[in-house]
Structures are given as structure tokens and as C-alpha cells.
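If you read the sequences in order, they're chains A and B.
Using full-length UniProt numbering, you'd call the opening residue of the first sequence number 1 and step up by one each time.
Using full-length UniProt numbering, you'd call the opening residue of the second sequence number 1 and step up by one each time.
Careful: at least some of the hints might be erroneous.
Same chains, same label: a pair holds when it works inside one copy or across any pair of copies.
What the hints assert, rightly or not - Listed next, the in silico BS3-like pairs over lysine-lysine satisfying Cα-Cα at most 27 Å (straight line):
(1) Lys-340 / Lys-529
(2) Lys-472 / Lys-325
(3) Lys-156 / Lys-529
(4) Lys-608 / Lys-233
(5) Lys-629 / Lys-325
(6) Lys-382 / Lys-476
(7) Lys-187 / Lys-629
(8) Lys-549 / Lys-393
(9) Lys-237 / Lys-583
(10) Lys-233 / Lys-629
(11) Lys-130 / Lys-549
(12) Lys-582 / Lys-237
(13) Lys-156 / Lys-393
(14) Lys-237 / Lys-552
(15) Lys-629 / Lys-319
(16) Lys-314 / Lys-136
(17) Lys-211 / Lys-393
(18) Lys-393 / Lys-629
(19) Lys-608 / Lys-340
(20) Lys-237 / Lys-509
(21) Lys-596 / Lys-509
(22) Lys-529 / Lys-79
(23) Lys-233 / Lys-136
(24) Lys-472 / Lys-130
(25) Lys-608 / Lys-476
(26) Lys-130 / Lys-608
(27) Lys-608 / Lys-325
These are calculated hints, taken from the structure and not from any lab test.
There are 2 protein chains.
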Amino acid sequence: MSQDKTPATAPSATPELTVPGRRRFLNSAAVAGLGAGLAACNSGSQSAAPAGAASGAAPAASGGSGHAGTSSQPGLHPKPGELDTYYGLWSGGHTGDVRVLGMPSGREILRIPCFVPDALVGWGITNESKKVMGTKADGSLRYTVGDTHHVHASYKDGDYDGRYAFVNDKINSRIARIRLDYFVCDKITEIPNIQGFHGIFPDKRDPVDEKINYTTRVFAGAEFHLPLPNDGKGMDKPETYRALFTCIDVETMNVRWQALIDGNCDLVATSYDGKLAASNQYNTEGGAHFAEMMSAERDACVFFHIARIEQAVKDGKFKTYGDSKVPVVDCTRKSNEDPKTALAAYVSVPKNPHGVNASPDGKYFICSGKLSPTATVIELAKVLDWFDGKLDKIDKAIVAEVELGLGPLHTAFDGRGNAFTTLFLDSQVVKWNVDAAIKFHGGDKTAKYVVDRLDVHYQPGHLNASGSETAKADGKWLAVGCKFSKDRFLPVGPLHPENEQIVDISGEKMILTGDHPVRGEPHDFIIFKRELLRPKQVYSLDDFPNAIKDPKDGGITRNGKKVTVKMTTQAPAYSLPEFTVKKGDEVTLIITNLDKVEDLTHGFAIPKFNVNFIVNPQETASVTFVVDKPGVYWCYCTHFCHALHLEMRSRMFVEA
Amino acid sequence: MSQDKTPATAPSATPELTVPGRRRFLNSAAVAGLGAGLAACNSGSQSAAPAGAASGAAPAASGGSGHAGTSSQPGLHPKPGELDTYYGLWSGGHTGDVRVLGMPSGREILRIPCFVPDALVGWGITNESKKVMGTKADGSLRYTVGDTHHVHASYKDGDYDGRYAFVNDKINSRIARIRLDYFVCDKITEIPNIQGFHGIFPDKRDPVDEKINYTTRVFAGAEFHLPLPNDGKGMDKPETYRALFTCIDVETMNVRWQALIDGNCDLVATSYDGKLAASNQYNTEGGAHFAEMMSAERDACVFFHIARIEQAVKDGKFKTYGDSKVPVVDCTRKSNEDPKTALAAYVSVPKNPHGVNASPDGKYFICSGKLSPTATVIELAKVLDWFDGKLDKIDKAIVAEVELGLGPLHTAFDGRGNAFTTLFLDSQVVKWNVDAAIKFHGGDKTAKYVVDRLDVHYQPGHLNASGSETAKADGKWLAVGCKFSKDRFLPVGPLHPENEQIVDISGEKMILTGDHPVRGEPHDFIIFKRELLRPKQVYSLDDFPNAIKDPKDGGITRNGKKVTVKMTTQAPAYSLPEFTVKKGDEVTLIITNLDKVEDLTHGFAIPKFNVNFIVNPQETASVTFVVDKPGVYWCYCTHFCHALHLEMRSRMFVEA
């Protein structure tokens, strides 16, 4: 293979690729970059790909019953009335939400709006949701787009504790917290001085206080480097741009600290002992252009020593940038050469790695090569040894670097010593044994680390297994997020769904059990046993300071042009059958749903004023709007509630 | 039973119902109303309910494997790679969209944004979609909420022709047209002088010109009556309020005419010969309050004689209201007493009917009683006889009025003479034979019209069967939109999904084959064979006047503070790796996706400016925004496209 370092061809000159089948999605620019990556990898090699699977000849893409169909196991879809046994929390991509799926059925049960308005529930319409989302001075929403990628949940004793989930917004550098009792987003924080916030991960215990055996921090990695502060100066000097790694407190959702690094961040992993967090880095070059970002043969995984960083903050060893008051510690290479005082360490990883995942035994972080066909296994005890001055070179923490196939991205685990890695270019999942890989890397070329391969449809990004990111990984179900779904579902125009495939991993061989179309574009997800959650299905009136506990307490009050209308709902009627305001009034409408029955949600819509929202059982919600047109406006219930739902109405009279 | 006409108890005094099981969703107000309805029905009675099903004792609601589970037939879920055989088009309720499902799997393949912004595709963000949605003078969206209920498709020769689908917005009285080649909404019309626009239905051929054997009109029914015009005068005189029935041209999407009626409209049906349209009326009382709307024992189904109405418009026999130029013809009872000149006729139907459906043989419209346990079968030939002066009383067009069970709402057909009606209160689908019902009503009390009953979970609203609303009804699959899903899926907090149940109706007995959770709240849907559509998956550059066909034609042009940035995309790069604008500029960004490969969609996001949208293969889209902050803004691809997707970026420099 060629060692040619010529950058990929310029976009405008990219010829169309004519390779048939699944690889037609890739153009020659990628193949060129990939070639360079392959050439650079020679520390581990095991030709474990089955005939045809990882060779240039791709399986045929046409027809619904492709390669993977042959290993399918039908009949696992639940019968009517059968409950799923696992929850899945899926990020919603640029839908800006989090989705709750039942597993193994793959059925979507709920969407939790976070960063983007949601007309179904009135997210971004009610005053309560606008307060969570954030508004401008004029009361309108600060942001109306989002891009969620990674969803993770809070831990206790190495397993999910059912308190919170967290999800990132890449577009506007925000992190949202979701309460897992009511399945609602209750807090959103915008992180200063970063762009391209991609990976997040909660910590699993405190790095110092052993009694804190649960999540108190969540870490955030930023992909894009920026002038600091980003005020319009130094824009033409990308070599001076910097990226930051961020720590957020999970209770206050305030940013605790940030770390200035060399290169960029991508995904994030945390250790089970709470001492380490890490992020893979695909742009150690600090390149601003496509070709520059893939010029180096090796990039890195940067490790953060949390206790030392927080001591540095306590000791005042930090800077701040721009308007932000957040302390920023120095984690650049140059300032952290002495292991005994280093806040961070950079482990070398092949070409543009994607994904860093913690094994459930707590021993390893595994980085995938993306443009190298390898996975790199890093032993955490050795990383700590380096920080303690017991290991002379940080790269000696690498205990395996083995070939898996083309385009490795993310890794999941079955809790029985096996890892499952997506191969984006091969459109495969490869199952491999971590111990065998370490033996092979150590010189035992008889060690067969590849256990099985499964073709998926097509271009898998993230994958995850039940409990994979906990100490309780149970090796039952694997889901694979396939970015392309060509020919797998009925055609619906140019915009295709993605394909979340479900795989039974309980045996030696992987068995594909289901294809599930999903609206673009989920990225990451977690899957866990249903017993871990204890959801509440009816709110408590006492949780809402503005609740109207008795219909008699409702009515209209006026303060100048500000009018407050309070009413209650009980199927099939609103407590105010009509109410009168004047043109030009600013109306605040507060509604309490007095129905106590589970599932008995009401809606409230007013024509022509962009008012529609729902009120769940025993919930109170409010909306504020200006009435600028006279006339009769029939308010009505938009959420089915009762046989006389259509008759559930009120009238707003707007006097001229 | 009581003939007591006392209105239902006032909302604030409604006691909570303590009846266990499925009926706990209903309170005593409904039961009171229902009792009155039942009392009024005595023209047909056949106790066909199985033991326990329609009696006061409801089946137990707890537990996932309820009554319906016992008749389930597992294993019908498609294997991985198997395509569905039918499309389903589902309305999305207050999500404001239309959803495309594969049937019989029930898998959601696409959501088509219509009335509400959609952050995934950039609907409401791109200039192209804002033009379809409608904007205020300042360029912001006129409406951001919607409430879709009924989706129907265009016809040719009595079957769907794959051109268009149509869907209503109840909140803001809009109708959207969807192109079924690209599965996108291309036109939205706001209907004047109405509120509560609920039912829609396309015509199936022209009432006069036999050569026009396809859809050219779509009809719209308005539930809420209003002062005409609705300008703030006469608000306290609901007896003067009026509702309108509307006809829209499907090509121009302009409103052709409206009809002033007595009472209100609800659902709409059209005849196969194009001569008649009809709407059921649940508020012939013109009541403004809940109790008033259910005071009369019989309401109506109003029939419109299309040819006569259009002749009246031609003859100038119309009024206009307010600012609207739309001709409004007079279809009130008083003005249409002479059958020979009548534009409309009111057929009596029991108490607060819901739903009017055309049988596939073209002979009947069937109205459901809602608060009466009956379905009313109206023979269209007899309605035409009345208009021709051959039938002395319009109510003689009723050929059957038979008891089905509690809370009948909507009716579907299998093309073999059987009808399927949802019983909201009984949480059942009842299968009944139309000819047998007519015989029973005619006096043959041995005629057994009820064929089968199936318990569903719970409170079914709409149902529909494959091809049911066409002359090609094939009696294969039935879907039932159950409004409540308690205990059928994993708990996800207070907001429950609805449950679209799939039923095999190919045999004598109905067989429940699947439960599918759906995000609230779909109402109506149609199901048809996949062969009827011929979707396109790649756009044509020539369809976009502002397309950039060669990357060299891209770049930046300035006109004062207005800046136009043109670029192309080819995975994994944008043709402009950076571009510079000034603080205060109004930037219009035009992007053409030059990738030609199916499924290769790109996104374009800019942090902090609420810009994110997608560009499908060979599509051009644009966005306009003001840059009010200096700095570097990394633009990036939000829609997965390539192994180097993360590296697909550009930079916007905003100079201070």
C-alpha cells in the first residue's frame, strides 16, 4: 500500500465513485484517506474477515433480503400486550430530542423534547418550557434548532440509578438534563467558549470521596477549536485556535471547570473508579480544512486526571476567557510533561480515531481507528501508573492495537469479555475477544481474537448493548445504528430513515432479529433493564406553585394591559366556558388539569395566536401571548380525552 | 331508560368516576349524555354484544395480556429485509405533520412536516419551506402550531392515483397538499371565515363532466360556528354564529366556494359519482356550551349537491364576508326547502354523530351515533331521488339504523359487504354486514348483522382498512387508532403514546396482530397497496431555479448589507471551506447538493444563528439570517453522509 501523504482531492474535483453496492456511498476522497490509514497500521494484523466481507467486493445492496437477512431470527417481535424487557434511550439528532424505545421490539414509546420546540406538548410555547430552553430579552426562544448525539444516564455503584439522563446539543453547545421519573427535560446549560460539543459522559463515582459512589459530574468534549475569546479577532490564525474539555455539575447544571487542550475532543469515556475521563482526538493537527485534519498518521486519546484538575482549580491555577467566569485549567502537552504534576496525558492512537469506550470490567478504554482498521486497547491501571511516575512512557498503557476491519467506530461489550465494534466501511459488526486481542498484540499470533462478524445495512455508526456501559453488562441485546437504509424499507422520497437493527448477542454467533426505521438522525443510545426505572405517571398539584386546586379559584384578573386567566380542566370541560379580553392585552393563561386518571391528558389550543399545549394529569402549565385581533376564538382540547372531547371547548372573546 | 333531558352536570361539579377498568376514563357527564342517547334509539335493536363486552362490567384493564391478547397472531412482523406490502398515511395530530407507515408492520418510515416547523429537515427555516408555510411582514412564520386530523389522497377511477395527499389543520383552519412523488408538502391554504376545520375529503370525479374521472376538488368541514365576519361584533349572540362548508381546487389550492349552513360540520364524505358531498353534524343546536351541544336527540348529516352549488356560484347567487372574496352560497335549511332547487339537504341522524363514511360499492354513506349506539345507513341513490323530487322526505334515504354498541365513531369496509365500526365506549371494533343491517331495519328481525367483535386497547377513535375508502377495498388489514394505551407499553411518565393496533380482517373473525405505540396524536389514516405509488428518491437540479450546477459558480456577492453565499456539497466537503461576512449583514445562503447517490443527504448547521437544514441529493435549499455577533462559526454537516462526515465543515468568519 502507498505511503503517499497527498491530501485527498479537492471537493469540486471529486469524481463519482462507480463501485457498486454498499460502498457506492463513499467517494474516492475517503478511499484515499483510508488507504493512508491502512498503510500506517502494522502493529497488529489478523486477517479475520470472512471471504468477501472485508475485501473490495461488496455484497449486493439491492433487494430487501440481503446478506444479513439470511441470519435473521423472526418471531421475536412482542405479541400484542407483551411488554418489552428493556428501555432504550436514543438521541434524536437534529430533531433535538431524546427518544424512548422499548427493547427488543424497537418500538418508540416517547419523544422527550429538549433543545427544539415541540408542538405536540407545547415545548417552547409554555412559559415553563421556555424557562428551561432559554429566551432572549423579548421573550422569544434563544434557539430553535439543536443536534443531539449522545445520551447517557446517571450512575450509582457502576449501574444506572434512574435519576437523570444527559444529552448534548452540538449546534449550540448545550447540555440538557432529563428527569427519568417524569421523562422530561428540566435543565439546559449553554457551555461557554466552545463549538462542536460532541461527546458527553457522566462520571461514575467521585475521584476522591469514596462515599460518593454515584454521578455528580458530567464531562463534555468539544470538536471545533476556536479563537479564545471568539470575538472576531485572530480569525485568520487557526493555529492559535483552541478546544476545551468541560466538566458540569449534575445537580446545579453549572459548569464547574474547563480544560484547555492541544488538538480537539470527540467522544468521552469515564473510569469506574472516578479518577479518569478521556476523549479521543481526531484532529491533533489542529487542521481547519478537511485534508489537514487527516494529515497525521496517529492522533490521540487525551486522559484527564480529575482530582488534580479540581485541586488546580481550588489552588487558583486557572484562567478565564471572554465574558465567562468558568475557570480554565491548562491541559496542553507542553504544560503537562512531568507525570507527577500532569493534569492530562495524551495516548497515541492511529489516524482520526472515533469513539472511546470503557469496558464493563473497569480495566480498559478502547479507541477505534476510523481511518485505521484498528482498535487500540488502553489499560487504565497503566495510565494511573504513568501519572504516579511508575510508567516511563504513556503509550506503554496501550496493551493491544489490533486490526478489526475497515472503518472501526464504536465498541460495545457483553460482560463476558467480548467487544463488538462497528465497521463503518465494511458495514459490519465484528465481535472480538479483548483478552485474546491483548495476547495477540503481546506476541501470541495463535490467539484468535475475532469471534464473529455480522453484515449490517448499511454504514453503522454507534452500536450499544444492554447494560454495556455499566458494570452489569448482560450480553443479551445489541442495537446497531445504521446510517443508510437503502432498499430496507418502502421508498418514501429522497429522505430515507436510518435503520436501527436489533441483534441477539446471547450466543456465540450474532443473530439479526429486527430492522427498525427511525427518523434521522439518532446517533447514540443506551439500553438497560426496565427494572432500573420507576416512572411516575401522574403529577402532584403541590409541585406547581401556580396550580389552581379548585375550579372556584379560577377566573380573570387584570393589571393594566396584563390579564391573567386561570382555569381548570376536567374531562370533558374547561372550568371557564368563555372569557373576555381586550385587543392589545398581554394574556397569561394558567391551566391546571384536575383529572387524576393516568393517561388523561388535555390540550388547549387557541386559533390564530400560536397557542397550543398539553396539561398532563395534575399538572399546571401556562402560556403568555398578546391578542392583536378582535373576534371570537374557540379554544378547544387538542389531546383526546373523552367521548365528548370534540365538545370540550371554551371561547375567548377579544373586544375591539 | 330515562328520557330525562337535563344537561350533563357542570364541569366543576363533575364527580370522579370510580368504575374500574377501561371505563374509568369516562366520567359521569358522559354517562349521563350517553344514557339520553341510548334512550332515544329504538328504531333498530339487536343485542349482539357478547357477554360482558357491552355490559356495565368492563374487562380488566390491568396487565399487558388483556382480552385482545388472547386472539393475537404473533409472527407477522416482517423479518429483517422484508418490505411491507402497504403504505399507511397517518395524520400527526398537534405534531402538525403527516406520517408514513409501512403496513402491516406498523413501522414509521417518514414524517412529512406540514404546518409546524421541523428542525430535522429545516422546515420553517429554509426560505423554500417558509414560502409554503406563510410568513408575517417581518419574515417570521405566521403560525408555529397545527393540529392535523384527517389525511386523504387524490383519486382516479375510484382508486388512489398517487398524485397528492391532503391534510387539515384544525387550529388555524389550513389545508396542506402533499406531493406523493417526493413526499413533501408543497402548498398550504388558509380558509377564511371558519374555525375548527376538521373533516376533509377529495372528490372522486367531476359532478358534470364524465371525462374528469379524477380528483379536482377537496371539501372541508368546519366544526365551530362564528360571527360572520369575525370582527369583534356580535360575539355575545351565539345564535347568530354560522359555520361554513368549503370547496378547494386541488391544483391551485385556492378556495373555490363556501356554503353557509345551519348547525356545524364535522367529518366529510364524497360519493363515487362526484355528485354529492356530505358532513355529519353534531351541533345542530348551534350550542356554545357543552351541555347545549348535546341537548337534541337527533342531529344530522348535511348533503351538498355540488353541481347545483357551482351553478349558483356561476349565476352570481352568493355573498362574501369580511375581507374574503370567496363566494358563499346559501345552504341553510330555510333556503333549501324545495328539493328541485335545493343546494343542500339535511338527513336526520341520532345524537351527536361522529363520522360519515362512503361504502366502497358507492351506494351508502354511514354515520355513527357517538352518543347513540347506532349506525345510520343512508342510500345515496335515494338522496339524489329527493333532489330530483322523486322522494317526498329526505329521511326516507335512511335504509338502516341499527344498534352496534356504545359510542360508535367511524366505519371502514372490507369490500365484501362488511363494515367495521369503532365503539369508543366499549373499546371494541364491531364487524357488521351492511345488507343484513338493511334487512333487519326493514323488518327481518332474523337478519344477524353483527358478524364479530374484537376488544381493542383502549378507546378507539378512527379505524381504517386497506383500500377501504376506494372502490378497491381488499379486506386484508385493519388499523385501529386507540386513544389510550395504559398498560400496553413500558411506562414513560405522564404522557402516554397512543396505540395503533393492526388487525387481520382477511377471515371471518378479526385477529389482532400487533400493538404499535405512536406519538400523540394521530387521528385518521389511509392504507393502500405499495404499487399505487412511484416515489422519486433523487431530485433534479433543473427543478430549482437557484441551483448551483458547478462548484465554480459558487461564491459570495454583496449588495449593500445583503450578502449572498452560494456553495455546493459533495461528500465529505462543502465547496467553500470558509466565507467572510460582516456583523450586521443579512446573509442568504444557497446550497446545492451535487451528490447524486440515493440516501446521500447533507445537513448544514451554523452555531448560534438558528440555522440548520438538509439538502437531499440534487436538491437546492436556501436560508436567510442576520449575523449580529462577530467571531468564527464552524458550519458543519448535521446529516450523516460519509466516513469523514465529522470532518465535513466550513467556517463563517463574521468581522466585527
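Hints, one by one, checked against the model:
In the homo-oligomer, the alpha carbons of Lys-340 and Lys-529 never lie at most 27 Å apart, since the shortest distance is 41 Å inside one protomer and 70 Å across protomers. Proximity of Lys-472 to Lys-325 under the C-alpha cut-off of 27 Å is found in neither arrangement, the shortest distances being 39 Å within a copy and 69 Å between copies. Taking the shortest Cα distances, Lys-156 and Lys-529 sit within 27 Å of each other inside one copy (15 Å), while across copies they are farther apart (51 Å). Proximity of Lys-608 to Lys-233 under the C-alpha cut-off of 27 Å is restricted to the inter-copy arrangement: shortest distance 18 Å between copies versus 45 Å within a copy.
For the homomeric pair Lys-629 and Lys-325, the shortest alpha-carbon distance between copies (20 Å) is at most 27 Å, but the shortest distance inside one copy (45 Å) is not. Taking the shortest alpha-carbon separations for Lys-382 and Lys-476, neither the intra-copy value of 31 Å nor the inter-copy value of 64 Å comes in at or below 27 Å. In this assembly of identical chains, the alpha carbons of Lys-187 and Lys-629 lie at most 27 Å apart only when taken from different copies (25 Å versus 35 Å within one copy). Taking the shortest alpha-carbon separations for Lys-549 and Lys-393, neither the intra-copy value of 66 Å nor the inter-copy value of 53 Å comes in at or below 27 Å.
Taking the closest pair of Cα atoms, Lys-237 and Lys-583 come within 27 Å of each other only across two copies (19 Å); inside a single copy the shortest separation is 55 Å, beyond that limit. In this assembly of identical chains, the alpha carbons of Lys-233 and Lys-629 lie at most 27 Å apart only when taken from different copies (12 Å versus 47 Å within one copy). When the C-alpha separation of Lys-130 and Lys-549 is checked against a cutoff of 27 Å, the pair qualifies only within one copy, where the shortest distance is 24 Å, while the shortest distance between copies is 42 Å. In this assembly of identical chains, the alpha carbons of Lys-582 and Lys-237 lie at most 27 Å apart only when taken from different copies (18 Å versus 57 Å within one copy).
For the homomeric pair Lys-156 and Lys-393, neither the shortest alpha-carbon distance inside one copy (33 Å) nor that between copies (75 Å) is at most 27 Å. Only between protomers do Lys-237 and Lys-552 lie at most 27 Å apart by alpha-carbon distance; the minimum there is 26 Å, versus 66 Å within a single protomer. Proximity of Lys-629 to Lys-319 under the C-alpha cut-off of 27 Å is restricted to the inter-copy arrangement: shortest distance 24 Å between copies versus 53 Å within a copy. Taking the closest pair of Cα atoms, Lys-314 and Lys-136 never come within 27 Å of each other, the shortest separation being 34 Å inside a single copy and 53 Å across copies.
For the identical chains of this complex, Lys-211 and Lys-393 are neighbours neither inside a copy (33 Å) nor across copies (85 Å), given an alpha-carbon limit of 27 Å. In this homomeric assembly, Lys-393 and Lys-629 never come within 27 Å of each other (Cα to Cα): the closest approach is 73 Å inside a single copy and 45 Å across copies. Taking the shortest Cα distances, Lys-608 and Lys-340 never come within 27 Å of each other, neither inside one copy (66 Å) nor across copies (40 Å). Taking identical chains as interchangeable, the C-alpha atoms of Lys-237 and Lys-509 are never at most 27 Å apart, the minima being 52 Å within one chain and 74 Å between chains.
Neither within a single protomer nor between protomers do Lys-596 and Lys-509 lie at most 27 Å apart by alpha-carbon distance, with minima of 49 Å and 37 Å respectively. For the homomeric pair Lys-529 and Lys-79, the shortest alpha-carbon distances inside one copy (19 Å) and between copies (25 Å) are both at most 27 Å. When the C-alpha separation of Lys-233 and Lys-136 is checked against a cutoff of 27 Å, the pair qualifies only within one copy, where the shortest distance is 25 Å, while the shortest distance between copies is 36 Å. Taking CA atoms no more than 27 Å apart as the test, Lys-472 paired with Lys-130 passes in neither setting, with 38 Å inside one copy and 49 Å between copies.
Proximity of Lys-608 to Lys-476 under the C-alpha cut-off of 27 Å is found in neither arrangement, the shortest distances being 51 Å within a copy and 41 Å between copies. Taking the closest pair of Cα atoms, Lys-130 and Lys-608 come within 27 Å of each other both inside a single copy (20 Å) and across two copies (17 Å). Proximity of Lys-608 to Lys-325 under the C-alpha cut-off of 27 Å is restricted to the inter-copy arrangement: shortest distance 20 Å between copies versus 43 Å within a copy.
In summary, the structure is inconsistent with hints 1, 2, 6, 8, 13, 16, 17, 18, 19, 20, 21, 24 and 25 from the numbered list given earlier, while agreeing with the others.
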